[in-house]
Amino acid sequence: MKATLAPSSLISLPRHKVSSLRSPSLLIQSQRPSSALMTTMKTASRGSVAVTAAATSSVEALREGIAEFYNETSGLWEEIWGDHMHHGFYDPDSSVQLSDSGHREAQIRMIEESLRFAGVTEEEKKIKRVVDVGCGIGGSSRYIASKFGAECVGITLSPVQAKRANDLAAAQSLSHKVSFQVADALEQPFEDGMFDLVWSMESGEHMPDKAKFVKELVRVAAPGGRIIIVTWCHRNLSQGEEALQPWEQNLLDRICKTFYLPAWCSTSDYVNLLQSLSLQDIKCADWSENVAPFWPAVIRTALTWKGLVSLLRSGMKSIKGALTMPLMIEGYKKGD
Amino acid sequence: MRLITHNMLSCNIKGVTNGFPLKIEAEKVIEKEVDFNPDFLRHMFAKIEWKALAEAARSMGYAELPDDSPDAAVIESADETFLRKLHHALLELHLEEGALVCPETGRKFPVNKGIPNMLLHEDEV
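Protein chains in written order, with numbering that gives the first Met the number 0: chain A, 0 to 335; chain B, 0 to 124.
In short, the hints are calculated from the structure, not lab data.
Misleading hints may appear alongside valid ones.
[To be verified] Within a straight-line C-alpha distance of at most 25 Å, the following computed DSS-like cross-link-like pairs (lysine-lysine) qualify:
#, chain 1, residue 1, chain 2, residue 2
1, A, K125, B, K46
2, B, K13, A, K214
3, A, K162, B, K50
4, B, K22, B, K112
5, B, K107, A, K146
6, B, K107, A, K162
7, A, K211, B, K13
8, B, K27, B, K84
9, A, K127, B, K50
10, B, K84, B, K13
11, B, K31, A, K162
12, B, K31, B, K84
13, B, K22, B, K107
14, B, K46, B, K31
15, B, K22, A, K162
16, B, K107, B, K84
17, B, K112, B, K31
18, B, K107, B, K50
[Unchecked claim] Listed next, the stretches of chain A that the computed footprint assigns to chain B, with coverage defined by at least 3 CB atoms under 8 Å from CB atoms of chain B:
#, segment
19, 203-213
20, 256-263
21, 272-282
These numbers come from a predicted model, not from an experiment.
Idealized CB from N, CA, C, for every residue including glycine.
Using the sequences and the accompanying hints, generate a full structural model.
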């Protein structure tokens with residue numbers, strides 16, 4: 000039985016074969032062709048790309064909801080989990096009884112595994128400029144800037160996150176390399192082709208218009224540059240399926256409402272979008288098994304005395320978020 | 000916001016073709032010392048839009064940079080006088096309060112507590 004949810008998956012697609020993918024979610028890396036020719040964009044009108052917002056005002060409402068959610072909850076998350084707001088990467092057979100520091104290491108490992116999957120290594124002095132799309136409080140940016148000695152700019156909808164990210168950069172003497180601003184991933188305030196590495200670590204879930212999101216990622220990527228996306232997707236639909244099963248949709252809806260996630264799409268949808276924008280070397284993978292230990296760990300930390308007290312102090316959005324976490328586990332489990 | 004960041008930001012309002020560089024309206028500028036790293040500066044030099052930087056520095060009250068981009072020789076030379084000026088302009092001047100202005104439409108993007116807000120309104124998208 001297929002898993003419904005699979006954040007940050009990694010599926011290695013054999014090169015010239017269209018496989019029916021087992022589980023969703025993906026880490027995608029793709030490379031913009033080095034030739035200067037920018038081909039005209041073909042319309043990506045296939046399959047079930049995520050529903051675009053029905054009215055502009057609901058997009059604004061979503062944007063505000065996301066900003067407020069992170070304004071309110073980032074402090075709490077950071078207190079308990081540190082500055083990386085994404086899943087950890089674990090060996091599939093690892094015990095979930097890791098220490099807190101084990102989980103933080105897993106979050107760092109997630110970054111390293113993503114870079115490795117994309118073939119971006121420490122020797123690549125070509126990485127001079129990086130954009131972190133949906134940067135949170137800047138964990139990835141600071142890590143990558145340190146690793147490559149590159150200049151990194153992060154964007155987030157949350158002014159609280161941007162401020163915190165800048166403060167942390169200053170505290171780590173990285174101010175000259177990383178900076179953060181409030182901006183919309185769907186309207187990135189950068190000229191075309193600016194970045195050698197375009198990084199989106201678990202932020203794609205918040206984008207109401209996946210096609211626009213991907214187009215912007217491609218637009219700001221330099222020729223020959225790389226795009227790395229780690230995101231949550233639902234499973235690929237089988238042939239003849241037009242949508243997820245009602246119970247799956249129901250589960251997803253409940254998760255989405257709490258975390259301000261607009262409609263989900265599948266790995267294939269992303270791949271199709273990237274292909275339609277003439278990117279090369281598109282790779283994807285399913286990392287569901289590697290991230291599954293994460294949510295039980297998060298819940299356990301929430302249930303500690305410190306966790307509970309902090310939750311009560313930080314407001315309704317955090318509490319609702321915490322209550323929704325078991326649904327995440329349910330999503331993973333409904334698979335093999 | 001430091002000028003190294005400003006050098007990358009542009010206005011992306013729908014239909015705007017000339018959204019870079021953003022003009023600076025400086026209300027509050029502060030200086031924060033940053034460790035001098037000549038290698039980093041040499042590394043970055045090729046990517047800097049010089050005229051934009053020089054003009055921006057002037058708007059922030061620092062007029063020591065030449066209008067035209069210096070030769071690579073000046074950057075590579077052992078004499079670090081010039082690099083120190085670049086260092087100061089690029090990394091040590093902070094726009095705390097003010098606005099970034101689109102050169103084509105005049106639209107102002109506010110900068111508060113050092114953070115530019117580049118979000119567009121519904122009708123600009």
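Each hint, compared with the structure:
no.	hint	verdict
1	A/K125 x B/K46	holds (12 Å)
2	B/K13 x A/K214	holds (15 Å)
3	A/K162 x B/K50	violated (29 Å)
4	B/K22 x B/K112	holds (18 Å)
5	B/K107 x A/K146	violated (35 Å)
6	B/K107 x A/K162	holds (20 Å)
7	A/K211 x B/K13	holds (14 Å)
8	B/K27 x B/K84	holds (21 Å)
9	A/K127 x B/K50	holds (21 Å)
10	B/K84 x B/K13	violated (36 Å)
11	B/K31 x A/K162	holds (16 Å)
12	B/K31 x B/K84	holds (14 Å)
13	B/K22 x B/K107	holds (9 Å)
14	B/K46 x B/K31	holds (23 Å)
15	B/K22 x A/K162	holds (23 Å)
16	B/K107 x B/K84	violated (28 Å)
17	B/K112 x B/K31	holds (14 Å)
18	B/K107 x B/K50	holds (21 Å)
19	203-213	violated (count 0)
20	256-263	violated (count 0)
21	272-282	violated (count 0)
The structure shown violates the earlier hints numbered 3, 5, 10, 16, 19, 20 and 21.
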